[in-house]
Every structure is written in C-alpha cells, then in structure tokens.
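Heads up: the sequence lines are chains A and B, in that order. Going by my numbering, the first residue of the first sequence is number 1, and it counts up by one from there. Going by my numbering, the first residue of the second sequence is number 419, and it counts up by one from there.
These are calculated hints, taken from the structure and not from any lab test. Treat the numbers as computed from the prediction; the structure is a model and nothing was measured. One or more hints might be untrue.
Claimed, not checked - Here are the simulated DMTMM-like pairs of lysine to aspartate or glutamate, each with C-alpha atoms no more than 20 Å apart in a straight line: (1) A/Lys315 - B/Glu571; (2) B/Lys733 - A/Glu311; (3) B/Lys596 - A/Glu11.
There are 2 protein chains.
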Amino acid sequence: MRGEIIVIGNELVTGQVSDLNGCYAARRLTLAGFYVRGITIIGDEASTIESTLRCAIARSDFAIITGGLGSTSDDITTEIIAKTLERPLVQNADILSRLESSLRDRGIAMTPEHQKLALLPQGAEVIDPVHHVCGFFIIHHEKPLFFLPGVPEQMRNMLDSHVIPGLLDKMSHRTYIKERILKVFGLEETKVNQLCQGIGEEQKGVTISFLPRFPETHIIITVRGKEFQQTQDKLRETEEAIRKRLGSYVFGRNGQTLEEVIGHLLRSRRLTLAIAESCTGGLIGHRITDIPGSSDYLDRDVVVYSNRSKEELLKVPKKVLEDYGAVSGECAEWMARNIRISSGADLGLSVTGIAGPTGGTNEKPVGTVFMGMSTSRATVARGFRFQGSRESIKIIASEYALDWVRRYLIDDTLLFSY
Amino acid sequence: MRGEIIVIGNELVTGQVSDLNGCYAARRLTLAGFYVRGITIIGDEASTIESTLRCAIARSDFAIITGGLGSTSDDITTEIIAKTLERPLVQNADILSRLESSLRDRGIAMTPEHQKLALLPQGAEVIDPVHHVCGFFIIHHEKPLFFLPGVPEQMRNMLDSHVIPGLLDKMSHRTYIKERILKVFGLEETKVNQLCQGIGEEQKGVTISFLPRFPETHIIITVRGKEFQQTQDKLRETEEAIRKRLGSYVFGRNGQTLEEVIGHLLRSRRLTLAIAESCTGGLIGHRITDIPGSSDYLDRDVVVYSNRSKEELLKVPKKVLEDYGAVSGECAEWMARNIRISSGADLGLSVTGIAGPTGGTNEKPVGTVFMGMSTSRATVARGFRFQGSRESIKIIASEYALDWVRRYLIDDTLLFSY
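Isolated chain A, as found in the complex (with noise of 0.2 Å):
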C-alpha cells in the first residue's frame, strides 16, 4: 500500500521550524512495510489544505494529514476536510463532555474556540479522545485518511499505537521489514563502504546503506520479505558477515551511543574511570554522565583550562610545561597518571589539545590533540591532528577518547599496541 504525508502549519512553509513530523511518520511507515508517496509541508491555507487533500485521496491508498487540529483561529484543518469531502460539521457528544468535564475540573469557562474541538466531519472516528486536541480519521471513497494533532508528541503516540496497526490490518500482502543500524567509528565512510563491498549482493531484498553522522559513520541494514522468519535470518546473515569485516570498528547497534558501551564495559568489568580533560571542556563528562547511573563508575572529571590547574590539580611539573608544553604527548601522560593515582580509580583518561581557532603555532597547530591513559601497569599517550571548527574538534577527540577506553575495555594488550 502506498500512501502519503500532509504537514500543515505556518510556521513550516516560512521556515521558522524544521518539521519532525513528517519524517517520523515516513520511517515508522516504511519499517511497518508501506511505501510513502512523498511528504508535503503546506501553511494553514484553505484552497492550498483542500488541493493537496484531493490529489492525495485522488492518488494514494491511504493518507496522514497532521496539524492545523487546534482550537486558535488560524487552525482550520477540521473545516477544511469536512468542506473538502463534503462532509459537514457534527458535534460528538464524547468529545464535548469529557472537555466540559476536563474544563470544570480545572475552574475553567468553556468558550466558542473549545466547542470548535468537538466538531469533527460527519463520519469520522475519534483516535484516542483522552487529550483535548484529538486525533481522527475517515475512511473516504475506502481510502483511510488520519488526521493528527502537530504536536509531535501527541502525533507519535497516535500514529503509533493507532494509525500503523489499524493500517497493517487492512494490508493483504504483509511486508515483513526488519532494520538494524551498525555503529562505526575510526574508519573513513568511503572504507567502510570498499569493506562492505559485495555483502547483501545476492540476498534478494537486502539493502545496505551507509549515513555519515559525524564523526560515525552508520551501516543500515534493511531486509523486505514475505515471511517473518526469512527476513529474520537474512538481517542476522547480513550484520554478521559486515562485522566479520569490519571488527572492532563496529562499537554499537541501533539507538546505542559509544558512552553507553563504554558504561556497559566498565560496569561489567567492575573498573572506574577519572577523567582530566583540557581542550574538549567538558564534553567527554558530559557525555559520560548522559548514561544514567555513571556514578557508579565516573569518579571525577577535572576540566584544568589553566597551565596553573593542570600544576596544582594534577602535579603536572612546570618542568614538563615547559620543556614540553601542555599540549604534548608528557603532559598528556602525567595528567592521566595523576588523575588515576590521586582519584584512586582504575583507569586515567586525559586529553589535552588545541581546539582552536586561535592558539596554534606552526609545530602544533589548530587540531592538535594529545590523549593519555593510565591503569596501575602502564601509561601511555598518543597523538592527533584534527581539522575543522572548534566544536567539531571538540566532538571527535572525545570520540576518540571514549573508543579509545571501549577499545582497552574489550582487549587491554591494545594499550601496548596502539
């Protein structure tokens, strides 16, 4: 089935806000089997609204139309449909009463943009008439046709638990469609792609698409059959002969980001970490304690901006500062070693660079990154030239950083080897 998404609001055609809805409801379509026709953003505007409802119904199976639900005057999808389908206007009585009650509860008088919320279009069916901008849908000419709240919350919920599963009921063919997302980092897209090269080939209705998202690149995998099973098989078949290739460059799977694998790792392997971290500021902390429960094995974070800091926090001789500068592969080692002994933790992350834009010299300039490790047998440090903007600097040398720690965590000989 073949269906298609309406987006209505002002505030999308002038660009003010980038939609979310529409691309949800196209991948949650597309997993569940569908074919999405396209996605078109149109403003609260009723010939544009009523054109774009009658090509739909004119060309799709089915389709979701989302915003414009609300009770403000600039909300008119409601009167447009029913004008559209020529359908007029009926009060549900469901709606009314639970607003009344809802309105009452709250000390609240009910006012003409309120009653407008029980309008709907004769014939249609209210999508779950507990929130006060409900959903609904009609089914038109036998063409279901959704209409959804644009508060993206709201919409989700709906297209979720009502919207898919009522489609999938109608389908006489199903389409089992399975996806899995590979997580790479430390490899360049164009590699990973040469590595992948011929794997899903002869699978019919295996597709492999590779999504640079810096600074990772995602494998996704996607696997169309008719039966559960089969298509089960072949998305097993398919991730394991990509990590076959690719080894350890594949550090997660699906929504899981690198600190949640690295928390998994230091959890499992009852180990702690401190941090010193200078040029990221932060940002390799803060991601750590994005991961719930990191309390248990985040210890400390010391962000030392200062050379005084990096002296007085971390012992970091001024000798060292100076002969070598703080931006060395020495200072990079005595500051993991020192947030490792003086935090009593096992493990000593520390990174130490120049993030730019200003601060670069012809020896060391902008990008300029030295990262230490440090447990009770060894220290090591290494380092890095990084290009681009200041942020992006930021972001990949606590990526590096963090699958630096993944990597010790799965096989420690690598903190000899690297």
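Assemble the complex: chain A is given as a structure, and chain B must be docked to it using the hints.
The following block gives chain B in isolation, referenced to the frame of chain A:
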C-alpha cells in the same frame, strides 16, 4: 511572488534522513519577501517527479528543486526534467571541459557516469560551474525553475549567491522583511506571551511569534514593509517595547547563546570563573568552552561525581556531607567557595543535584538541584526542583547556573537579593 520547493531523495521518503534543505530554502525565501506555497518531499521516482513538477509549474510563479542531480544511477532528476519540459538533453561544453581537466588532474578516466553530469535540458543556464555537481536554471513559460544539488552546503551556497538575488531582480514591487530573535530564559512561555500582549498590534506588517526552545523561549519579531527605513524603524521600536516589558529576562538576540553572553561579560569585566559541578556532569564546562577564547576567563571546572572527590578536590567537610548530604545548599556553598579559593578565580560556581532516573528520595526527589555562587564578598546557595528526563534536568540546571552568572555580572547586588 509565490513559489514552492521540491526536495528529491529516496532517503527522505523512507525517513532515514530528515530534510534540511526545504526548511533552509523556505526561511531564506521568506526573509527575502517571497511567499512559499509549500515544500514537497518525494523519492527518486520518475512519475512522481514528473507530476510534482507539472503541478508546480501550473500553480506557482517559481520553483526550487533540489536533489537527484548526481552521477549515480538513482539520480534521474535531470532526465525527468528534460522529458517533462519537452526539452532534449544537450551536452554542455563548458561543464564537460571542466570535468575533463578535473578528472585528468586526479588521474581518473572519464566514464559514462561522468559524462551524464554534462547533459542539461536545452535552454538551461549553469549556476556555479566550478563544482562537479552543478546547479542550473531554466525559464519555462516565463517561470524560473532552479535545480540545485542536494548536498546541503552546495545547495545553500547556490541559493544564497544566485537564486535569491536572481529572484529579487525579477520582483517588481520589492517587500522588505526584517527579522529579529530575542532569547528569553526564566519565564514560562505563557507568561512571556502575556507580558508582550498588545505590542505591535496597531503596527501594520509587524508579527510577533513565540517559539519554545527548551529551556528558553525565543520571540521572533518579523516586520514587512515597502520602505527600507520604515521597516527598520518598526523593528527597532518593537524590540524596544518587548525589552522594556521583559527586562533582564531577555539574555540575547539572534544567534547569541547564553554562554557567549557570559563570555562577553566576563571578558569585559576582566573576571575569571571556576566551576564545580556534580549532576550536570561537565555540561556547564562544555558549554562555556564552546566559545572561542574561553580559556581567557575559565580557569578550571571539576566534575565531582563521587563524595570522595568532593572531599578531596573541594575540601567539603565530611560532616557537611553526613549532616546535610551532597545534594544540599550547604554542600553547594562549600563547593562554590572552595573552587573559587583553591583556583584563585574571581567567581566560583557550583551545582549539585539528582539528575535521575534513580537516586531520588521522598525528601529529595529526582530533579532536586542546589547551586552555589561565591565571590570574595559573599557565598550563597539556591535550591531548585526540576522535572523531566535525566538529559533535560542536566540541560535546565546548566541553563539556570549560567543565567545566574549572567545576572550577577550585569547587576552584582543580585547575588545577595536573589
């Protein structure tokens, strides 16, 4: 003039990628004084591209089409345009010779895929022939149709440097559109709305809209007018009227961030800052260090995630931690005072709290956060109870902390009266 935007790409109708070009173009066109009828997002599918293009030509004064101009087999836009407009594809000698020399430089042999890039519909004029994927435009039945590559950076460049100026040339009655964004923090959106009531109402061409941008509210003032100076004046007057009502709740305008505003204030007052953060996990330091040159005023930031680190790095007395807990006004004061004194910075800022989802108690539920600020004259603490996810508690706590610094810097009596 009324135009529309068509965005082409399979990855968009499957929802794998969310479109950035449509919103960008809509914004630029709106600010240049054009009306955007809608944004249509479709896949790389011949019949859909053809019918969408036909509709656009019939109903709009101009159209901007992006995507599908590349060299791979799924890029079919150019071919379909030629068919729809009934203009044969002809080889563009200029593009071909540039392509040849660029390939020669890189030692790559010319393939039919490359040659495809030099084929344009008859009558097309090339936009920016320097890039390999070039854009072009066709005046068809007196309506300009612009075809731009889908890569956001290239598309934006061509739009700003060729398309908008080209369209402005064609407009007989120029409309000036001026826009300003005022950023507000610390007031609920409904309250901001209430306080601004009546402003701009009697002014023709002035629109004020409110955009919640968690945790801030942005006020967008748009002024349309036929005369440059008058439009400019109305904008200034409206901004002044709003600022008068909202006072210091307005922290910045247009692209300014809170961390940027604080950076300016610290620099102009020659003050330095040191931070001790717990539940925000490094986010405050990360935000401050996103600003180039922040090493001039940020001395250090310690993320004290364990009680031990609070004692060791900040000398918070064990008795304070035992009697009041790490999440308390007392602890926040100790943290702020001691980070200031130990670092020698002018200002000490601290945050300690429970970001959740676990760790809350009846007395101190998830979202309980204390902040401290310390100068050589005084040390004070404030308590908050935030709601939401772990991520949003981190964000709103960091925003309140930064805003507190801003308010202190613009009026230091606030430190005592807050």
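Next item on the list: Quick one: which hint numbers does this structure break? Sort them smallest to largest.
Entry: 1
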